[in-house]
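Got two chains here, separate frames each, mind docking them using the hints?
If you want the building blocks of each chain, they are given just below.
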Amino acid sequence: MVKIYTTPACVYCKMAKEFFKEHDIAYEEKDVSADKAVLDEMIQKSGQMGTPVIDVDGKIVVGFDEAAIKDLLKL
Amino acid sequence: MVYDLIIVGGGPAGASAGVYAGRKKMKTLLITESFGGQSVISDSIENWIGMKQVTGLNLAKMFEEHLRVYDNVEIRMPEKAALVKEAENGWEVTTDKNNIYQAKTLIIASGGHRKLLNIAGEEQFNGKGVSYCSTCDAPIFRDKNVAVIGGGNAGAEAVIDLLPYAAKIYLVSIGPELKADPETVQEIKKSSKLVIINNAETKEILGDRFVAGLKYMDKNDNQIKTLEVGGVFVEIGSVPNSEIVKDVVEINKAGEIVVDHKTGATNKPGIFAAGDVTDEIYKQNNISAGDGVAAALSAYNYLFNIKKQSPASENLNI
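Chains as they are written, first to last, in my numbering: chain A, 1 to 75; chain B, 1 to 318.
With the rest of the complex left out, here is chain B (with noise of 0.2 Å):
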């Protein structure tokens, strides 16, 4: 049985691209470990356009309601996608479950996952102190002095949401000033609780059975200092899912799949790419649906040999 496509990852990216495959009658495949991508967690989402709020949750159960109309696009939930190779009549998919398929065209939508800090302590107190989900571990550190690690968007908003709970909370950056959204740095610097530590290379989370310290190395005076904290929370970006097609498709220096915006094709003929995993500068739930649709389109477009322009120029003849 060969497919006419393998969709890999079911976040906004991949499942934009069933809907498609599916409108298209394409032969789909769906592989995915669940459904919303890294939204899920999201207690609240307001930017999904024509919806003023709703959870990630609920948002993944209507990607997932929204594939299942359409009968030619099988889902394979929960199966996670380990290795794309080259296969006689296209793209074969070794999943975790040591199934094999085969498609002629693919698109990976697998989306990130959050980077870590990779220093001594963060494994062995993962859970005890050490937290990658602030929305929901926020009240547990009820009273706590807590360090939030990254500058950028979310680790202001990580401390946001743990503003109304932490006792003391020290936002940790790299850098020699926060890369948040200038206006979330002027609503949280509003807060006494809140210490803004600039130019702090993060060395070791120390602790006995939960956490209770952070050392950091201060880059103005190179001296190592310790914070005494009870939780630490990462918040230092994500990493693309690209680890499947690092041996097949072209990849950047950040692990990103490096795709034409046009069309979401990499430089493998009949291999697509959508979301986050891909080369695109904004990582947004909306821009990964848009994605998805162009790899859907460009996949239908591959498998029939149509080539295709923008409406306008193809009025044109140029």
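Just chain A, with the same shape it has in the complex (with noise of 0.2 Å):
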């Protein structure tokens, strides 16, 4: 399961959303501008506090790392 923390005006989200939907890969998107719990959840996951921040099964990749996510997708 990829989720993927966003806001809307980050240049590296949507790098990394065209990045998934190019490799047929699901994802679902949580924009953390417009949810406080979501903006918190985050902070909490990747104990920092930029987007985006990708979830793959509970790891965590801070920024449009494409090296660690094709890593971590095994692509």
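Do not take every clue at face value.
Under the rule of at most 20 Å between Cα atoms (straight-line distance), these lysine to any residue pairs were calculated in the SDA-like manner [said to hold, decoys possible]:
1. A:36 x B:168
2. B:144 x A:44
3. A:70 x B:44
4. A:14 x B:44
Here's a subset of chain A near chain B, in silico, CB distances under 7 Å, partners left out [what the hints assert, rightly or not]:
5. 7
6. 10
7. 11
8. 14
9. 37
10. 38
11. 44
12. 48
13. 67
It should be emphasised that the hints constitute simulated quantities derived from the structure, not laboratory data.
Even for Gly, the Cβ is constructed at its ideal location relative to N, Cα and C.
And the structure:
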């Protein structure tokens, strides 16, 4: 299960989502600007305050780190 | 393999140089970490001529697509030029992948990067309350008090990004007054959330796991004061990425490559520079694109030993 925490204007979030689409990876988008609880969840999980945060089956990647994401998704 | 031209950079200056080099059929190599330059993170660019609105990401894609039209322009991306040296028949560029490329001419279009505060806590709390992208991160600071450092346009624009979210915004400026455009200053001053602190020298970012405060010296009374903030946005300008040629071409005190603004020529034959890395006054996408064009045409003329004048004076034979 892939979750991505985003803000609406975050370009690396867009890049990450495009990457998922390109590789046919289903993901759930969580917009932290819309919901304070979701924002707190992201900060809690990642220990930091930047987006995107990508959660692959509980493993956390901060930022659009393509190599790390590929590794976790075995691409 | 010696290229006619190596372009360093994939922002508006590098991309436009690449397109013109492509059309001039120069054997060209373009080395860049990414396309789009510094405004790639912009959510809305509204002054790129001919487009009312475009995102930085889409502009970057358009640059790349346009460059890939030309078979004679090879692209190495992501790759970062690390050092420029003189070579037998021109110049040599070493990259972070330890590749060495040679060319008869170079265009340095490596742009700039954000200036850091270089104070205690800045690095430690990067991403933990310290942010360099208000557009991206503003929503994360909902209901928090934040400080924006920098009294120029970038600082004022960061305030605009933060106004819908933050509880209170301190705009901290080192000078006696804000340098941002009066129109923007007027706009942000309308908000009761904004507190402007002039004559303030930032000293330290405080916190535990996340940012909790900002220490600054009030130059009015020379007292150290502390703001309780959960976020610090740094908007104090940019630094030219001229490191790779600092021992090769003339650089001014600000770190900018000194160029002839008619041609983009540096003080070294065969090396040209364009865009934000140069001593160009206006650091603008459109200007950088124009600089890139001039540099590419100048590199072409240099290669073929063509002396170029303005068309009107050419007709007069003066």
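Hints versus structure:
no., hint, verdict
1, A:36 x B:168, "holds, 18 Å"
2, B:144 x A:44, "holds, 17 Å"
3, A:70 x B:44, "violated, 29 Å"
4, A:14 x B:44, "holds, 14 Å"
5, 7, "holds, 5 Å"
6, 10, "holds, 4 Å"
7, 11, "holds, 5 Å"
8, 14, "holds, 6 Å"
9, 37, "violated, 12 Å"
10, 38, "violated, 11 Å"
11, 44, "violated, 11 Å"
12, 48, "holds, 4 Å"
13, 67, "violated, 11 Å"
Going down the numbered hints, you'll see the structure goes against 3, 9, 10, 11, 13, while the others check out.
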